[in-house]
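K.L.:
Please model the complete structure; the sequences and the hints are all you need to start from.
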Amino acid sequence: MEIWINPRCGKCRSALTELEAVGADYTVRRYLEDPPNAAEIEQVLGRLGLEPWDITRLDEAVAKEQGMKQWSRTEADRARWIAALAEHPILIQRPIITADDGHAVVARTPEVLKSVLPG
Numbered sequence: 609m610e611i612w613i614n615p616r617c618g619k620c621r622s623a624l625t626e627l628e629a630v631g632a633d634y635t636v637r638r639y640l641e642d643p644p645n646a647a648e649i650e651q652v653l654g655r656l657g658l659e660p661w662d663i664t665r666l667d668e669a670v671a672k673e674q675g676m677k678q679w680s681r682t683e684a685d686r687a688r689w690i691a692a693l694a695e696h697p698i699l700i701q702r703p704i705i706t707a708d709d710g711h712a713v714v715a716r717t718p719e720v721l722k723s724v725l726p727g
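Residue numbers (this note's numbering): 609 to 727.
FYI, nobody ran anything at the bench for these hints, they're computed from the structure.
Where a beta carbon is used, it is the ideal one built from N, C-alpha and C, also for glycine.
A few of these clues could be false.
Cβ-Cβ distance ranges computed for the label pairs, FRET-style [claimed, not checked]:
#1 Pro726 <-> Arg688: 32 to 42 Å
#2 Asp709 <-> Asn645: 19 to 29 Å
#3 Val630 <-> Gln678: 23 to 33 Å
#4 Asp633 <-> Gln678: 15 to 25 Å
#5 Glu641 <-> Arg686: 23 to 33 Å
#6 Arg616 <-> Glu683: 25 to 35 Å
#7 Glu719 <-> Arg655: 10 to 20 Å
P.N.:
Rendered as structure tokens:
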């Protein structure tokens with residue numbers, strides 16, 4: 609499994625602590641230092657079963673500057689959203705965990721995190 613984190617994020621640190629506690633085998637991707645490209649974001653969205661606007665942090669300064677809250681949310685707009693996430697990875701909600709069984713979650717709550725833990 610892989611976890612996309614921002615080390616300054618408390619929920620990310622909590623998720624890492626929980627992964628360690630259960631002895632999970634995982635790799636860490638500091639996505640602000642190693643940003644995903646558009647294809648990787650598209651793949652993760654497919655695994656999450658979500659749209660790009662579902663994982664966008666709209667309260668970030670860059671989202672406000674671009675007026676993203678007002679962007680339309682249709683199939684025709686997906687590429688625009690994904691391009692913004694690739695260009696400004698700070699906009700990506702975290703932590704995202706891609707599980708070995710193929711699914712993925714945005715592990716913002718303990719319940720969601722537990723859904724991908726082994727055992």
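K.L.:
I want to verify a distance hint. Is the separation of the beta carbons of Pro726 and Arg688 within 32 to 42 Å?
P.N.:
For Arg688 against Pro726, whose Cβ atoms are near 37 Å apart, the range 32 to 42 Å holds.
K.L.:
Is it true that the C-beta distance of Val630 to Gln678 lies inside 23 to 33 Å, as the hint says?
P.N.:
violated (42 Å)
K.L.:
Given the range 25 to 35 Å, decide if the beta-carbon distance of Arg616 to Glu683 lies inside it.
P.N.:
holds (34 Å)
K.L.:
Would you say the C-beta atoms of Asp709 and Asn645 sit inside 19 to 29 Å of each other?
P.N.:
holds (24 Å)
K.L.:
Return holds or violated for the Cβ distance of Asp633 and Gln678 against the range 15 to 25 Å.
P.N.:
Violated, at about 42 Å.
K.L.:
Should the hint that Glu641 and Arg686 are 23 to 33 Å apart at their CB atoms be regarded as holding?
P.N.:
holds (26 Å)
K.L.:
Measuring from beta carbon to beta carbon, are Glu719 and Arg655 in 10 to 20 Å?
P.N.:
For Arg655 against Glu719, whose Cβ atoms are near 19 Å apart, the range 10 to 20 Å holds.
In this structure, the earlier hints numbered 3 and 4 are contradicted, and the remaining ones agree with it.
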